[in-house]
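2 protein chains.
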Amino acid sequence: MPEQSPFDLTEGDPFGPHTLPYGVFSTADAPGLRRLGVRYGRHVLDLGALPDALPDVVPAAHAALLAADTLNPLLAAGRPVWQEVHAAVRTALTDPAHRTTVAPLLRPLDDVTLHLPFDVADYVDFYSSEHHATNVGRIFRPDDAALPPNWKHLPIGYHGRAGTVVVSGTPVVRPHGQRKAPADAAPVFGPSTRLDIEAEVGFVVGTPSTLHAPVGLDAFRTHVFGVCLVNDWSARDIQAWEYVPLGPFLGKSFATSVSAWITPLDAFDAARTAPPARDVPPLPYLDDTAAEPGGLDLRIEVRLNGEVLSRPPFAAMYWTAAQQLAHLTVNGASLRTGDLYASGTVSGPEPDQLGCLLELTRGKGPYLQDGDEVTLTAWAPGPDGVRIGLGEVTGRVLPALEDPAGAPA
Amino acid sequence: MPEQSPFDLTEGDPFGPHTLPYGVFSTADAPGLRRLGVRYGRHVLDLGALPDALPDVVPAAHAALLAADTLNPLLAAGRPVWQEVHAAVRTALTDPAHRTTVAPLLRPLDDVTLHLPFDVADYVDFYSSEHHATNVGRIFRPDDAALPPNWKHLPIGYHGRAGTVVVSGTPVVRPHGQRKAPADAAPVFGPSTRLDIEAEVGFVVGTPSTLHAPVGLDAFRTHVFGVCLVNDWSARDIQAWEYVPLGPFLGKSFATSVSAWITPLDAFDAARTAPPARDVPPLPYLDDTAAEPGGLDLRIEVRLNGEVLSRPPFAAMYWTAAQQLAHLTVNGASLRTGDLYASGTVSGPEPDQLGCLLELTRGKGPYLQDGDEVTLTAWAPGPDGVRIGLGEVTGRVLPALEDPAGAPA
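Sequence order for the protein chains is H and P. Mind the numbering: the first sequence is residues 1 to 409 in full-length UniProt numbering, read in order. Mind the numbering: the second sequence is residues 1 to 409 in full-length UniProt numbering, read in order.
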């Protein structure tokens, strides 16, 4: 069988010319050299080499951005540059006149190593699925109302650890920590026995904002570059013992996995959809009734060791990414290039639409075992019936270290 | 009166040869050029110019670190380099043979602009004063036990916003946000009416750690470069409404002020002191009974518009900085150069030792008014009766913006 041309995509490939996500890769012959790439089907376009190869297509002014070893300079360049680069990449990949020139710049995906695509500035995690928040509330706080009183008035969020955001494929070592069952007299220390996933969607900030200047709903597209998948690994036993009153800390900070590909926001134009009806009217800075539809019809799939566990629908999220950004900045907090904010666990109303094991097992487990591999994938409807893919986020659980510092002798 | 020599310090000056804190400054003739400096009395030593001026004193290998525009390269260089640079600076400033050479490198403090001294990686805020946690618990959660059940088992902490850490002197604009008094039917949006301070001590990480490898109590000095003062500005009304269940977010993220000077950890050797007796035995990874004394006898002073408001004693903190670091990493979370973690509000047992207005006014206010200026200073006992100063952290409250994005029309 002859080798397929990299330009001939398999029918239905979700990484076609309407998707074109950005990432960072290296190759075996130069493992220390990180380069920007764009995924096209089962290949990666070497973006750093494109300006020299196609000087008439790629504006020379962008050569330095594309020669960087992380996406941050491109993210910082702002929306007009994002659109120019996207147009150039699309022309390079789809105009038959360029095939001979571009073909040598396409590496098979299987031949490259993918890296964390951008340097994460601040990482914020929201909690914006009503189904998830209700389910978790019932399990963690059975004596209270399932939703806290603030839930429908603001998109609850908190800061997570940016330094432990890792790229898809990074193994996750089972964390040690304190846990205390309600019946125990005192906490015990040891490897988490309730290691869980959280299937989320992440939004990557490109254009920074100014301190003291809130970013309103209508400025969402000015600041947000693109979308990724996030698995916010969670040690439920550590989290349950530590989180009152200041929120999750070590139960989350050991690892947060993101997909290696960041898909530009504009790729999801056909997937825009109205969010669920709000039964509490949002305050004006969160009121999106007159804005463009803020929901996104992303269909997520969660697989555990290859078996489909769940299909969470992102369209069911109560708070949208634009509302989350407006809330995050309404107190004057500024955005930096590389800020990442995640949606919170995506869960739908049905039992096979839940985004974490805590909900899927109603708090009873089983949770993740050593050796388990969890993979999230997602796609969205694109124009003319095509699918827009998000890069997968996958990770395997490794056993806890036998002798961590400070463990009992 | 003849101008005083920069080498002749006023008696009792807490910025003498035993202190030597690091910062970043610029001068009016080159406002865009940031340089590393060391504070000596009322002057700043131009560190970037030192290797050329005293090649026999400053190892040439460190010239690039000292020519940087932020402390991060020096922080990353590790403890042996920190000690070599410190010894060189001390020789330059105290050996009379070098006075003629060094004098031109000393700028009056009043003639320079100070900048954020390092790029903050992750910012973590702890909650480690038993007096503060008890007082706050009584005010925020009057129906529960004052201390949450986990408090004496682990140093509670959470991640804050690194991107809004600002240097001393930066004005603080009163933030907008949602608040809801218990009697109100729904939240209202507007400028915070309960703007508060939190007097804290910050620890700056130099040497990074490896993912999955906890940093035990005995590795504290390997990783922590130095100490600063922190004012963790807090909007109590925003915080009270938002913080259940995921912790503080917008009530804190609008601004966190740090001193312009980072004092090396070794300067506090004479200030080491035993922490308070723990009435609950800590788990082994937090058990410091056999370690060097982990407390620090820092005496903080809080001034409001020039009047002393409080004198919080850092020696009264229940959890030490070494325990906080051990806890922060016990789940395998890694450290990066530039990580900042703060102690939590420092409050002592006496009414004039409380570190925030919430406690000082027993939750009744008044809180900060527009135009108020808050300044934190601190010193610690050094060798031979000298004082070791921490750089001040000061900030003035500016009125809320009149028309922030998203405010009601």
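One or more of the hints may lead you astray.
A pair counts as met if it fits within one copy or between any two copies, since identical chains are not told apart.
[As the list claims (entries may be wrong)] With a Cα cut of at most 20 Å, we get these calculated EDC-like pairs of lysine to aspartate or glutamate:
hint, residue 1, residue 2
1, Lys152, Asp184
2, Lys180, Asp287
3, Lys180, Asp95
4, Lys152, Glu84
5, Lys180, Asp279
6, Lys180, Glu301
These aren't lab readings, by the way, just hints derived from the structure by calculation. What you are looking at is a predicted structure, and each value in this text was computed from that prediction instead of being measured.
Tested hints:
no. : hint             : verdict
1   : Lys152 to Asp184 : between (35 Å within a copy, 15 Å between copies)
2   : Lys180 to Asp287 : between (41 Å within a copy, 18 Å between copies)
3   : Lys180 to Asp95  : neither (61 Å within a copy, 58 Å between copies)
4   : Lys152 to Glu84  : neither (39 Å within a copy, 56 Å between copies)
5   : Lys180 to Asp279 : between (37 Å within a copy, 19 Å between copies)
6   : Lys180 to Glu301 : neither (33 Å within a copy, 39 Å between copies)
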